[in-house]
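Asks: Listed here are the chains, written in short residue letters.
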Amino acid sequence: MSSLSKLRVRLRVNGEEHEMLVPVEKTLLEVLREDMGLTGTKHGCELGECGACAVLVDGKPVLSCLALPVELEGHEIMTVEGLAAAGRMHPLQEAFADLGAAQCGYCTPGFLLAAKSLLEQSSDPTRDEIKDALAGNLCRCTGYIKIYEAVELAARRMRSGSETAPEQAVLYGR
Amino acid sequence: MRKPYFLLKTPPTTPEPAEKLAPWAETTVVGKPLPRVDAYERVSGSAVYALDLFLPDMLYAAILRCPHAHAIVKKVDTAAATKMPGVRAVLTDSDTEARIPWYFTEKGPTSRLFDPHCRYEGEEIAAVAAETPHQAADALRAIVVEYEELPFVVDLDSALKPGAPLIHEGGNQVEGTLVYERGDIAKGFADAEAIVERTFRTSCEIHTPMEVHGSVAKWDGNRLTVWDTTQGVFQVQQSLADALRLPLSNVRVIGQYMGGGFGSKLEISKHTVIAAILARKTARPVKLFISREESFLCVGNRPANTMSLKAGVRKDGTLTAMHLINRGAVGAYPGWAGVGSQVADLYTCAHVRVEETCGHINAGQERAFRAPGFPQCSWALEQVMDELAAAIGLDPVEFRLTSIPVVSQRQGGKPYTSTGLRQCLVEGARAFGWDAARGGHRRNGPWLRGAGVAACQWGWPGGPPSTVIVRYFADGSVSLNMGASDIGTGTKTIMAMVVAEELGVALDRIQIEHADTGTTQYATPSGGSKTVPSDSPAVRAAAVAVKRKLLAMGAEQLEAAEDEVVLKAGEILVAGSPDKKVRLAELEGLMNQQVVIGVGHREQNPLDKVTKPFGAQFAEVEVNERTGEVRILRLLGAHDSGRVMNRLTYQNQVFGGMTMGIGFGMTERRVLDRQTGKMVNSNWHDYKIPTAMDVPADLTCVPIDVPDNEFNSTGTKGLGEPATIPTAAAIANAVYAATGIRVTDAPINPTQLASLLADQRKRG
Amino acid sequence: MSLPQFAYAAPKTLEEALALLAQHRGDARVMAGGTDLLLKMERRKLAPAVLIGLKRIDELRYIRFEPEQGLFIGALARLSDVVEDAIIRAKYPAIAHAASRTATVQIRNMGTVAGNLCNSSPCADNAPTLIARGAKVELVGAQARSRWLDLEKFFTGPGATALAPDEIMRQIHVPCPPGGSAAAYQNISARSKVDISAVSVGVHLTRRDGKCHDARIVLGAVAPVPMRAREAEALLVGTGMDEDVMRASGEMAAREARPISDVRASSEWRREMVAVLTRRALRQAWDSIASAHGGIVNR
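Protein chains in written order, with our numbering: chain Z, 906 to 1079; chain L, 3 to 766; chain X, 46 to 344.
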């Protein structure tokens, strides 16, 4: 059925303007994945339960499965594809890779973006702050520990502005 | 339809390797904590999962499911749906091509793709393919179905009573009660100085991997390609070929990146076949993914069990007898909900009897779920072990140490190739600070603290078949070609490390082709914690075959005997003649051929021995005596899984397994409404898997790194499943230590525990 | 899952929104953050023909504190805005805390406090403290007809409110906290640390001459709507708020509660938790009055 109303929507995603005609009932998740080819944003439940579809809007994580593109005109949207800059992975991506914080990887984009927002507010978050910031993202593989450690490692690297090797205890267990 | 590999009585085999490889004496790559070789893809969003595939001209399909727990479909009217905008095909049981038998027992099929007899909420009625997902969803709503609702039963106790609504004509009991017996339990109990008897219940748990299940199907003439969310591409290929009557050569299944399965993606699901039929019918590619809510209903679960366990012990710690009576609900279709193997095998005990009865209820079929049956058994067995220890005044660790077998009693008394159970208990207890943690009750306001332990064994060792090809290119880079899936566990990384170990090539110069029936070699599905022990020896054999050929080329070029040359740091050297050497890049034979190929097969498992992974876990908790809340303060896993191939992926498996164990023990429970027969919590709002807030910050693991060189050439055993087996029981034992309350029903939620605590206060 | 079809309107003023609502009477729904409404639409529990998005109405996006009158929370103020607002954190910490206990960070970045109230879930985290603090809500109808209602009277049943079909909630007003007063919020879930509250309690206490001068106890998720535990309140007034009084008040609140058993928790446990959480919240509020005023308030 042709939609009751297709709207011309102008979205700014990962720093680029996109203009497109989309049915108004398509969620941001659907538009990102189906119309813009940004499949790094994952479909987990489409019911606001899991955080797999999280993207940043003006730097804050939101659920793209419960967002309408038409309401996001004039806002800055960032997906996982926008994290790497100048051919270099974001320190969070590097830390997630280094520590095995991504197992099947399906929840990873949502975690990375939630963590990015956290680190922008707090350069040295406590474990409890990390937990609270990531509590809306479900992961069925990792047990979360490696994810916390990766956020902490990325924070350390970002603070010192340099590469820091993971601590032995983190790599080998205690 | 062919049986899944794990139901085959005699597993298939591959040819014996030409040479028996000696165990690695020392390793340079294997064992290191190396990041995943595909980590970049997994953190950048560039990994393409099946749902991320958008093919030109692709249609979207969706399935109409029965809303009733038990019903007969009298009529399906698709007239309106067929005429809806964008609808390209509607498929129902009236289409002869959809009349495909499904859900098999030994005797044959019990149902078909769109069976008019719907035996659970969620059963498939019809499917639609349309131009957009929204159009497909709209069309489903336009299909009019006339149902005759039938009486239903959603708990096993009621289902097995006479007069219960019949789910299958032959009755609700799955044929036969399985009985295992050794010795004479009556004699054993007579010899006992203390006896414990108790009934335990576990709840039905749903896999819920982050990625929902689905397939993209595309035909080229009579050749079918399917991109699937599967743990085993060859399993799906076989099932598709059988269902659609195609030769294996015409069915290609690809499943490279997948977002977790935990057993729910071990076998084919109906939606995959439906996608293929719709794609053929429309001559267009079709994407069919189920929704999150559907995934709670129809792609498997860990069945709920009721287990009565009686065990006797002598004061010196000798287990004299164990008697387990288990009942498990397999759902509406054939399955098994047995749990008994650890009772029969984990501890030395002369007299054992296990009786297992399974039955049908009007709910989705069970499916293998991370160590099927084992966490349930641990829940009962390890809590009873805890009680027995208390009854004879032994420390729970000490008590377990008195009963560690060196042979498999369950499998004819054959010795184990290795058993690290003792180290798991001893080294785990030391690292945990067990003695200090057990030292008396500690109270902190309303919070009571206690520590508990549980041990485990896992049943599937892995083995053949597995065939792997390694190609060595002229520039010294390598291609590794294997059929196994990497379901997030790090399979690709570990296999590449094996190649790197043998050929001295850097990991970033190894290209991996995997999980594609069109281009890679047969492998069993990645499940059963057997991928590393099954496939890594084949990888090693293939790499060694390449090495032998390179050495032969070097020997010829250096005019030396083959047994005089060695491969070291990219050069072939002649022992004792420092001048006689050639760099691999200058190897004439390699230059001439441009590629050297090695084929490796998995060797047979030793016939006269048995292999099992072992583990022990330790938990410390605090319980709020008023609210029943449980804080898990610490969890430690010590696991014997043979050689530790990669410390990082090892930790991943243990932490992930323990966290899933927390879910099983603390939060996860399918709730079926007795009034309607429907699942009331088929979503993550109401079905609770552990979140970041539910996992203790202090989660640690102690690798028991003992290569099992008798088992295979890499010395490896499985890990992913053992890591989830004893967690819930260790927590329950810690709760007991804290409160004196034995929680018999999983999950231990605050509601239950607060009520038990209140009862305890009333009793004084 | 997919959303049903609808037409979307994005008015720029409240007046336009009200006109649209009147025009599509019965077929339209107003949407602020969308986290509740779109979820219900995904699940096909609702399929309005028209969605009136409020996000472009800048006049509704504010959190304002006026020293004489108190706090005003506009309809578009998100939960995270409330959590982070410096004045709310300083003067109404329990309201900020309750907002921080609502759902997860992603939902808090989308959902609004007004939306949380209009959704009228018995377990809405923000209602108990707001009611305890004497909040009122302003409902505006066609021709800009405005009325103020005590928040306590706003809820009429699960999912039902006093909001007329042509009305929109413009703002929430919370009076200035009286001198020597404090509020507290406690909640608990029976299933997981990240869950909808199975029981919640918001309290407000005023202390005068070392004694409890005024007490309000509001219970969430234990009745069809958030409810005052008036008998439990009465036990406190005039007392020195010792441990026994607080315990007795908690137990009275538990008797007043009317919890049900559902997939989240049993009624028995909920009742028991009312007693525990009420006592905890009373203790927390009373202690914070003492610490904020050195124990010599309004001598």
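Warning: the hint list may mix true and false statements.
The following label-pair restraints were derived from C-beta to C-beta distances [unchecked claim]: (1) Z:Asp1029 / L:Pro417: 25 to 35 Å; (2) Z:Arg993 / X:Trp193: 12 to 22 Å; (3) L:Leu250 / Z:Ser1027: 26 to 36 Å; (4) X:Gly71 / L:Ala81: 28 to 38 Å; (5) L:Ala81 / Z:Ser1027: 51 to 61 Å; (6) L:Glu150 / X:Glu129: 35 to 45 Å; (7) Z:Gly1066 / X:Ser312: 53 to 63 Å; (8) X:Thr201 / L:Arg203: 34 to 44 Å.
Pairs of lysine-lysine residues, derived as PhoX-like cross-links and limited to a Cα-Cα distance of at most 25 Å, are as follows [unchecked claim]: (9) X:Lys181 / L:Lys680; (10) L:Lys680 / L:Lys163; (11) L:Lys680 / X:Lys256.
Treat the hints as calculated values from the structure; they're not laboratory data.
Idealized CB from N, CA, C, for every residue including glycine.
Asks: Each hint needs a verdict: does it hold in this structure or not?
Replies: To see whether the hints hold, each was checked on the structure:
A hinted range of 25 to 35 Å is violated for the C-beta pair Asp1029 of chain Z and Pro417 of chain L, which are about 54 Å apart. Take Arg993 of chain Z and Trp193 of chain X: their Cβ atoms lie about 56 Å apart, and the range 12 to 22 Å is violated. Under the hint 26 to 36 Å, the C-beta atoms of Leu250 of chain L and Ser1027 of chain Z, about 55 Å apart, miss the expected range. Range check, Gly71 of chain X to Ala81 of chain L: Cβ separation about 31 Å, and the 28 to 38 Å hint holds.
In this structure, Ala81 of chain L and Ser1027 of chain Z meet the distance hint of 51 to 61 Å, their C-beta atoms being roughly 60 Å apart. One distance hint, 35 to 45 Å for the beta-carbon pair Glu150 of chain L and Glu129 of chain X, is violated here, with the actual separation near 57 Å. Checked against the hint of 53 to 63 Å, the pair Gly1066 of chain Z and Ser312 of chain X passes, with Cβ atoms roughly 56 Å apart. Look at Thr201 of chain X against Arg203 of chain L: about 41 Å separates their beta carbons, and that is inside 34 to 44 Å.
Among the hinted pairs, Lys181 of chain X with Lys680 of chain L is inconsistent with the structure: their alpha-carbon atoms are about 41 Å apart, more than 25 Å. Taken as a hint, the Lys680 of chain L and Lys163 of chain L pair is honoured in the structure, with Cα atoms around 21 Å apart against an allowance of 25 Å. Taken as a hint, the Lys680 of chain L and Lys256 of chain X pair is broken in the structure, with Cα atoms around 53 Å apart against an allowance of 25 Å.
Violation of the numbered hints given earlier is confined to hints 1, 2, 3, 6, 9 and 11; the remaining hints are satisfied by the structure.
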